[in-house]
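Novice: Protein chains in written order, with our numbering: chain A, 24 to 294; chain B, 23 to 327.
Hints are supplied without guarantee of correctness; some may be wrong.
Covered by chain B, according to a simulated footprint, are these stretches of chain A (three or more residues, beta-carbon under 8 Å) [claimed, not checked]: (1) 183-193; (2) 228-238.
Heads up, incomplete: computed chain A residues facing chain B, CB under 7 Å, no partners named [unchecked claim]: (3) 30; (4) 113; (5) 115.
For lysine to any residue, the following SDA-like pairs were computed, each having C-alpha atoms within a straight-line distance of at most 25 Å [claimed, not checked]: (6) B:157 - A:114; (7) B:157 - A:33; (8) B:312 - B:48; (9) B:157 - A:293; (10) A:165 - A:294; (11) B:312 - B:296; (12) A:86 - A:203; (13) B:157 - A:54; (14) B:157 - A:115; (15) B:157 - A:34; (16) A:86 - A:272; (17) B:216 - B:244; (18) B:312 - B:43; (19) B:157 - A:39; (20) A:86 - A:40; (21) B:157 - B:189; (22) A:70 - A:57; (23) B:157 - A:37; (24) B:157 - A:86; (25) A:70 - A:89; (26) B:157 - A:272; (27) A:86 - A:56; (28) B:157 - B:133; (29) B:157 - B:229; (30) B:157 - A:61; (31) A:235 - A:245; (32) B:157 - A:292; (33) B:312 - B:299; (34) B:157 - A:203; (35) A:86 - A:64; (36) B:157 - A:40; (37) B:157 - A:30; (38) B:216 - B:92.
No lab work stands behind these hints: they were computed from the structure. Glycine included, every Cβ here is placed at the ideal spot set by N, Cα and C.
Single-letter residue listing:
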Amino acid sequence: MLADAIAAERFRLLRDRSALFWGFGFAPLVGFILAMGGDLFVRTIIKRPMPGATVDLAAQVIKALGNGASTMAALFLMIGAASILAGDYRWETWRLRTPRNSRFNLLAAKLIVIGEAIMWSLVLTVALTLAAAVIGAGINGKAIVASTLGLSEIAGVFVVTWLEAMSLAALAACVAVVARSPMAAVVVCLVVRFVQSILAATLGMTPEPTWKALAIPAYDADLLRAFVSAPSHAGMDGGPAGWALLVLLGWIAALTAGAIVLFQQQDLTRE
Amino acid sequence: MSIALEATGLTKTYGAVRALDDFSIAIPAGGVFGVLGPNGAGKSTLFRIALGLVRPTSGTARLFGAPAGDVAALRRVGAMIETPRYPPYLTARDTLRMLALESGFQNPDIAAWLERVSLTHAADRATSGFSVGMKQRLGLAAAFLTRPELVILDEPTSGMDPAGIQEIRALIVDLARHEGVTVILASHQLDEVKRVCDRVAILSHGRVVAEGGVAELTAGEARLRLTLASPLAPVLAVLADRGQADGPDAVLADIPRAEAPAVIRALVEAGAEIVEARWREVDLEGVYLKSLGQTPTAAAPEGAA
């Protein structure tokens, strides 16, 4: 039953080219274009050789993934998420779908498909970052060097960024259900992400993580990324990272549960 | 006889508006059941509650004996509620494909249904460019796609041209009569209901004000028209509050058919010279308007007594 709802939601997203492109493809593509533009600028305008310059592919991928749920990237991810979450309100198509599956399955399927789409968006980010780095190295004669960071660090940052984006998607689900509007979901998530980044930067200046700071998903994600991307986590105390992971998962679970409960109680009088 | 849709003491309020008011009905499985009523009578609210789109304020609704919104029961149901809307980027074919996936229905015969509702030519066009009639047709295909046992149709022919209306009516009757699908049909078009439905419920202000077979409802409302060659007064005196003058030389008698011979005999004994006695049938429109407390204005057809 849930599998049916997921299949339908995935089928629908794959045909919604606008949501696919702007929501999940645009940010990685812009990152690639900017990186290539920078390298071409150095090569064709500045025309200055870069002797001794090197490229650490793993570090570049981790840096790009670290920005994968930044305020700007979140804007695009939430455009995609909101079009999935609130599309049935916008197009008044719940009346077609609700009689065919349970409300739990319908909303859970949306979040699962958003999770898939965010994952593929991050995979695209990795692929395009690697491509830009390799092509850029070729253009400017930079040497590609072996990194101290490996696949486990990349995978760790990937998962943390995915979780951070999913916390925003779960918030978008709550807002979409309450406001019945894609625009509201995007705007609220964007504002929340922006405020989070300011609070995380402010509260994160203390040497030890505080509970106030740990309550902020963006802070948790930064803490976790720093932890998982440190080579062998040398010299780092895993305690705060563990708490950060729990809080981040807690936010996702609480917001997802809230969205589902609200949706199950909701009268669909117009949609 | 099994019950397809049952509502017991159903009440739904939207703020100060009472869309359904202690509403009860039991719609049997089999045939086409018409739901008539003016705008705001509660038809769509009833359907939305049955389909789990809206929660009742009080009372219960059951589909095939299961609580409204039960997914297993809903999978036995197809529905088209009000004017259907679709994701604009999906084609007609993709819309049906998506809905079949949503229902977990394997191997839907999408091409056959598109052909049945005359949308083959537009199968691969985005629904954003569809006319209201085309959207209605696609909604019908969507409702019947998963071969449900019960189909709920809310104004299925609204926005269609006359040929399309006839075609869709024929489809509904065909599915109900030959494929055993129970159809619950809400419509403003009394002619449509009369042609298609076996039984009818008339709703007003969130309650059922009349219910029965179409023939039964109209037959119960027939009146005997007596044309007289003698003065009306003695006849009206015999009939008392069951009679009224209908022109200078005729009387309308509100009497059951079974009582007609005895009444006519009594009138003749009272000195009435009856030239003609005919049953004036009241059509569905008359029953409908009378149920809503309004007076029929059009002349009703007549039948020989």
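Novice: Would you mind marking each hint as holding or not holding in the structure?
Specialist: These are the hints, each one checked on the structure:
Closer than 8 Å: that is the beta-carbon criterion, and the region 183-193 of chain A has 0 residues meeting it against chain B, so the requirement of 3 is violated. Counting residues of the region 228-238 of chain A whose C-beta sits closer than 8 Å to any C-beta of chain B gives 0, which falls short of three, so the coverage hint is violated. With 7 Å as the threshold, the beta carbon of residue 30 of chain A comes within range of chain B, its nearest partner Cβ sitting at about 5 Å, so the hint holds. Restraint check, residue 113 of chain A versus chain B: the minimum CB separation of about 9 Å is more than 7 Å; hint violated.
The restraint placing residue 115 of chain A at the interface with chain B holds, with a minimum CB-CB distance near 4 Å, inside the 7 Å limit. The straight-line distance between the Cα atoms of residue 157 of chain B and residue 114 of chain A is roughly 13 Å, inside the 25 Å bound, and the hint therefore holds. In summary, the hint linking residue 157 of chain B to residue 33 of chain A is supported, as the alpha carbons are separated by about 23 Å, within the 25 Å threshold. The hinted pair formed by residue 312 of chain B and residue 48 of chain B meets the criterion: a straight-line CA distance of about 23 Å does not exceed 25 Å.
For the hint linking residue 157 of chain B to residue 293 of chain A, the alpha-carbon distance of about 17 Å falls within 25 Å, and the restraint holds. Between residue 165 of chain A and residue 294 of chain A the CA atoms are separated by roughly 57 Å; this puts the pair beyond 25 Å, and the hint is violated. Among the hinted pairs, residue 312 of chain B with residue 296 of chain B is inconsistent with the structure: their alpha-carbon atoms are about 29 Å apart, more than 25 Å. Of the supplied pair hints, the one linking residue 86 of chain A and residue 203 of chain A is violated, its CA atoms being roughly 35 Å apart against a limit of 25 Å.
Taking the CA atoms of residue 157 of chain B and residue 54 of chain A, the gap is about 41 Å. The hint is violated against a cut of 25 Å. The suggested pairing of residue 157 of chain B with residue 115 of chain A holds, with an alpha-carbon distance near 13 Å, which does not exceed 25 Å. Distance restraint check for residue 157 of chain B and residue 34 of chain A: the Cα-Cα separation of roughly 21 Å lies within the 25 Å cut-off, and the hinted pair is therefore satisfied. A hinted pair counts as satisfied when its Cα atoms are at most 25 Å apart, and residue 86 of chain A with residue 272 of chain A qualifies at roughly 23 Å.
For a cut-off of 25 Å, the pair hint linking residue 216 of chain B to residue 244 of chain B stands: about 16 Å separates their Cα positions. Distance check on the hinted pair: residue 312 of chain B and residue 43 of chain B sit about 20 Å apart at the alpha-carbon level, within 25 Å; holds. For the hint linking residue 157 of chain B to residue 39 of chain A, the alpha-carbon distance of about 19 Å falls within 25 Å, and the restraint holds. Restraint check: the Cα-Cα separation between residue 86 of chain A and residue 40 of chain A comes to about 28 Å, which exceeds 25 Å; the hinted pair is violated.
About 15 Å separates the Cα atoms of residue 157 of chain B and residue 189 of chain B, which keeps this hinted pair within 25 Å; it holds. Our distance criterion of 25 Å between C-alpha atoms is met by residue 70 of chain A and residue 57 of chain A, whose separation comes to about 18 Å. A threshold of 25 Å between alpha carbons decides the hint, and for residue 157 of chain B with residue 37 of chain A the separation of about 22 Å falls inside it, so the pair holds. This hinted pair does not check out: residue 157 of chain B and residue 86 of chain A have alpha carbons roughly 49 Å apart, beyond 25 Å.
With a C-alpha separation of about 30 Å, the suggested pair residue 70 of chain A and residue 89 of chain A falls outside the 25 Å cut-off, and the hint is violated. The suggested pairing of residue 157 of chain B with residue 272 of chain A is violated, with an alpha-carbon distance near 43 Å, which exceeds 25 Å. For the proposed pair residue 86 of chain A and residue 56 of chain A, the alpha carbon gap of about 16 Å is at most 25 Å, so the pair holds. Restraint check for residue 157 of chain B and residue 133 of chain B: satisfied, since their Cα atoms lie roughly 16 Å apart, inside the 25 Å limit.
At most 25 Å may separate the alpha-carbon atoms for a hinted pair to count; residue 157 of chain B and residue 229 of chain B exceed this at roughly 30 Å. With a CA separation close to 50 Å, the supplied pair residue 157 of chain B and residue 61 of chain A exceeds the 25 Å bound. About 15 Å separates the Cα atoms of residue 235 of chain A and residue 245 of chain A, which keeps this hinted pair within 25 Å; it holds. At most 25 Å may separate the alpha-carbon atoms for a hinted pair to count; residue 157 of chain B and residue 292 of chain A meet this at roughly 20 Å.
Pair hint residue 312 of chain B plus residue 299 of chain B holds up; C-alpha atoms about 24 Å apart against a cutoff of 25 Å. Restraint check: the Cα-Cα separation between residue 157 of chain B and residue 203 of chain A comes to about 23 Å, which is no more than 25 Å; the hinted pair holds. Of the supplied pair hints, the one linking residue 86 of chain A and residue 64 of chain A holds, its CA atoms being roughly 21 Å apart against a limit of 25 Å. At most 25 Å may separate the alpha-carbon atoms for a hinted pair to count; residue 157 of chain B and residue 40 of chain A meet this at roughly 22 Å.
Proximity of residue 157 of chain B to residue 30 of chain A is assessed by CA-CA distance (about 24 Å); at most 25 Å being required, the pair is judged to hold. Distance check on the hinted pair: residue 216 of chain B and residue 92 of chain B sit about 32 Å apart at the alpha-carbon level, beyond 25 Å; violated.
Hint compliance for this structure: hints 1, 2, 4, 10, 11, 12, 13, 20, 24, 25, 26, 29, 30, 38 are not met, and every other hint is.
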